[in-house]
Amino acid sequence: MSRQRSQRLAVALITAVAVLVFVPVIAIIGYLIVSGIGALNWEFLTAMPRNGMKEGGIMPAIVGTLILTMGTALVSMPVSLLAAIYLAEYARDNRLTRTIRMAIVNLAGIPSIVYGLFGLGAFVLAAGFGTSIIAGSLTLGIMTMPVVISTAEEAINSVPQQFRTVSLSLGASKWQTIRHQVLPHALPGILTGMILGLSRAAGETAPILFTVAAFYVPTLPSSIFDQTMALPYHLYVISTQVPGMPLTIQYGTALVLLLITLTLTLLATGVRTTMRRRRDW
Amino acid sequence: MQNKIEVSDFSFYYGDFQALNNLNIPIRARQITALIGPSGCGKSTFLRCLNRMNDTIPGARADGRVLLDGENIYEADVDVVTLRQRIGMVFQRPNPFPQSIYDNVAYGPRILGMARRGSLDQMVQESLEAASLWGEVRHRLKDPALALNPGQQQRLCIARAIAVQPEVILMDEPCSALDPVATLRVEDLMRQLVDSYTIVIVTHNMQQAARASDWTGFFWLGRLVEFGPTEAIFSSPQQELTEAYITGRRG
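Chains as they are written, first to last, in the working numbering: chain P, 1 to 281; chain W, 1001 to 1251.
No lab work stands behind these hints: they were computed from the structure.
Don't take each hint at face value.
[Claimed, not checked] Simulated crosslink set (SDA-like; lysine to any residue; CA at most 20 angstroms straight-line):
(1) P:K174 / P:L267
(2) P:K174 / W:I1057
(3) P:K174 / W:V1078
(4) P:K174 / W:R1086
(5) P:K174 / W:L1141
(6) P:K174 / W:N1054
(7) P:K174 / W:T1082
(8) P:K174 / W:D1063
(9) P:K174 / W:V1080
(10) P:K174 / W:A1060
(11) P:K174 / W:S1236
(12) P:K174 / W:R1028
[To be verified] Here are some chain W residues the structure puts well away from chain P; computed CB gaps all over 12 angstroms:
(13) S1008
(14) D1055
(15) G1064
(16) V1080
(17) L1120
(18) A1130
(19) K1142
(20) N1205
(21) W1220
All values reported here derive from a predicted model rather than from experimental measurement.
We put the CB at the ideal spot given by N, CA and C, even for glycine.
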């Protein structure tokens, strides 16, 4: 085969594979829209389920997922941010630091069902929170920490060293330098990581399975020690546990869940591009 | 004549490598001291020892004394943060923060809590005037600093350093990224500033040292070969090595 032909063949092959990546995304989103759009209406989004969940809406599951996402943010974001600052700015290369990094890598590799079981043991039973929003938020929070810490650390490391040097040379303390130079410049990257972490948490089923998710509750939660319904688990329930479930409700629920996670992902991309446009170095 | 800084028997190491060897240098108050020498001779390292910017380098170690107004800045109880406020620094490349002109100058005073809201404007104006930049930027203080040309950016960095009211300004090859016109403006500025500040400048540019400084020190391989009034160094150097370097035969 001539060099030109092998070149053309390689390009064609690589392009084809890249296009192939695109296909499942379009297929999933397209299929869900086609099958689920019929279920979407005001009542579906705002009403309680009726008649064994075969009618009415999925409002409590939507609210539950939004509450859990916020709870996850409250648990995960402060800890992750501080941990990232420590690792990027303060940690020396010693045994403690290596242990912490090892722990983060390992946390990232733990299957989500194991987080669910850990949450059951640690928060539901040992801490005595019971099956509750707080137990679920803590579980999801811990699960999102590794990715948030890693992206935040990367964002902090990508702030040019000279900003720190100049700030220190002006008599700023190390913390002032971090607070007033490093963090503002690292913010887009940090936010992106946080939102992506949350978008993953919003869609997870396994970690909430034993820690917070309710099969069906007729009221909205009134405290963080209540159970709540949540979209991923609700989807699992109506797809496998309820006989005679109308298909449109299943696809409609899946579509709503997808829209929520997709919105978060787009938000992350938006934050990154707009804030990146503002900086130039 | 008073010495603002008195360096005595000062050595500096990066790990096992000795970068500075037993230096003794007087820095005269309200005069410009230029440090010349080939790349890697230790002059920039020395400059960064004067405000302890080398502290952050792992394995770095200093020996001997650097007296600022008679106090050794390498004593254990010295507050490095306060020291760096007293000894400002201007870097090789113009490096304004990617913020507005105003915010660049106001950064130091804000951090150090030097100004209430009202007088901050005043401090920014005075610093920009002292850096002879005020006339060019007074109507666009909110513009991004990076929109200025390199010469203006470097004068902005000088204004930023002045804003925290230091006593000494260290300049690390401040003109190496500037064109000749911008270079001359910075040199003029140095001559104005020296009425109020003690200036130490590292330069590769022999003419700059000859034009702008009062005292010149010649570094070679981490040692101070010769130190004296600039005129004497350039007209009748005592050491052969100095003469060879300033006439361009060595370096």
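How the hints compare with the structure:
1. The suggested pairing of P:K174 with P:L267 is violated, with an alpha-carbon distance near 32 angstroms, which exceeds 20 angstroms.
2. A hinted pair counts as satisfied when its Cα atoms are at most 20 angstroms apart, and P:K174 with W:I1057 qualifies at roughly 14 angstroms.
3. Distance check on the hinted pair: P:K174 and W:V1078 sit about 16 angstroms apart at the alpha-carbon level, within 20 angstroms; holds.
4. For the hint linking P:K174 to W:R1086, the alpha-carbon distance of about 17 angstroms falls within 20 angstroms, and the restraint holds.
5. Distance hint between P:K174 and W:L1141 is unfulfilled; the C-alpha atoms sit about 27 angstroms from each other, more than 20 angstroms.
6. For the suggested pair P:K174 and W:N1054, the alpha carbons sit about 14 angstroms apart, so the restraint of at most 20 angstroms is met.
7. Restraint check: the Cα-Cα separation between P:K174 and W:T1082 comes to about 12 angstroms, which is no more than 20 angstroms; the hinted pair holds.
8. A distance of roughly 24 angstroms separates the Cα atoms of P:K174 and W:D1063; the hinted pair therefore is violated under the 20 angstroms criterion.
9. Taking the CA atoms of P:K174 and W:V1080, the gap is about 11 angstroms. The hint holds against a cut of 20 angstroms.
10. Proposed proximity of P:K174 and W:A1060 is supported: the alpha carbons are some 18 angstroms apart, at most 20 angstroms.
11. For the given pair, P:K174 sits about 46 angstroms from W:S1236 by alpha-carbon distance, which is inconsistent with the 20 angstroms threshold.
12. Note on P:K174 and W:R1028: the hinted pairing is violated, with a Cα-Cα distance of about 31 angstroms set against a maximum of 20 angstroms.
13. Look at W:S1008: its CB is around 24 angstroms from the nearest CB on chain P, clear of 12 angstroms, so calling it non-interface holds up.
14. Non-interface status of W:D1055 relative to chain P is broken: a Cβ of that chain comes within 12 angstroms, the nearest being about 9 angstroms off.
15. Chain P leaves W:G1064 outside its interface by the beta-carbon criterion, the shortest separation being 22 angstroms against a cut-off of 12 angstroms.
16. The Cβ of W:V1080 does not lie farther than 12 angstroms from every Cβ of chain P; its closest approach is about 9 angstroms, which violates its non-interface assignment.
17. Residue placement check: W:L1120 keeps its beta carbon more than 12 angstroms from all beta carbons of chain P (closest about 15 angstroms).
18. Taking the minimum C-beta to C-beta distance to chain P, about 16 angstroms, the non-interface status of W:A1130 holds against the 12 angstroms cut.
19. For W:K1142, the shortest C-beta to C-beta distance to chain P comes to about 14 angstroms, beyond the 12 angstroms cut-off, and the non-interface label holds.
20. No beta-carbon of chain P comes within 12 angstroms of the beta-carbon of W:N1205; the shortest separation is about 22 angstroms.
21. For W:W1220, the requirement that its beta carbon stay farther than 12 angstroms from each beta carbon of chain P is met, with the minimum near 27 angstroms.
Checked against the numbered hints given earlier, this structure breaks hints 1, 5, 8, 11, 12, 14 and 16; the rest are met.
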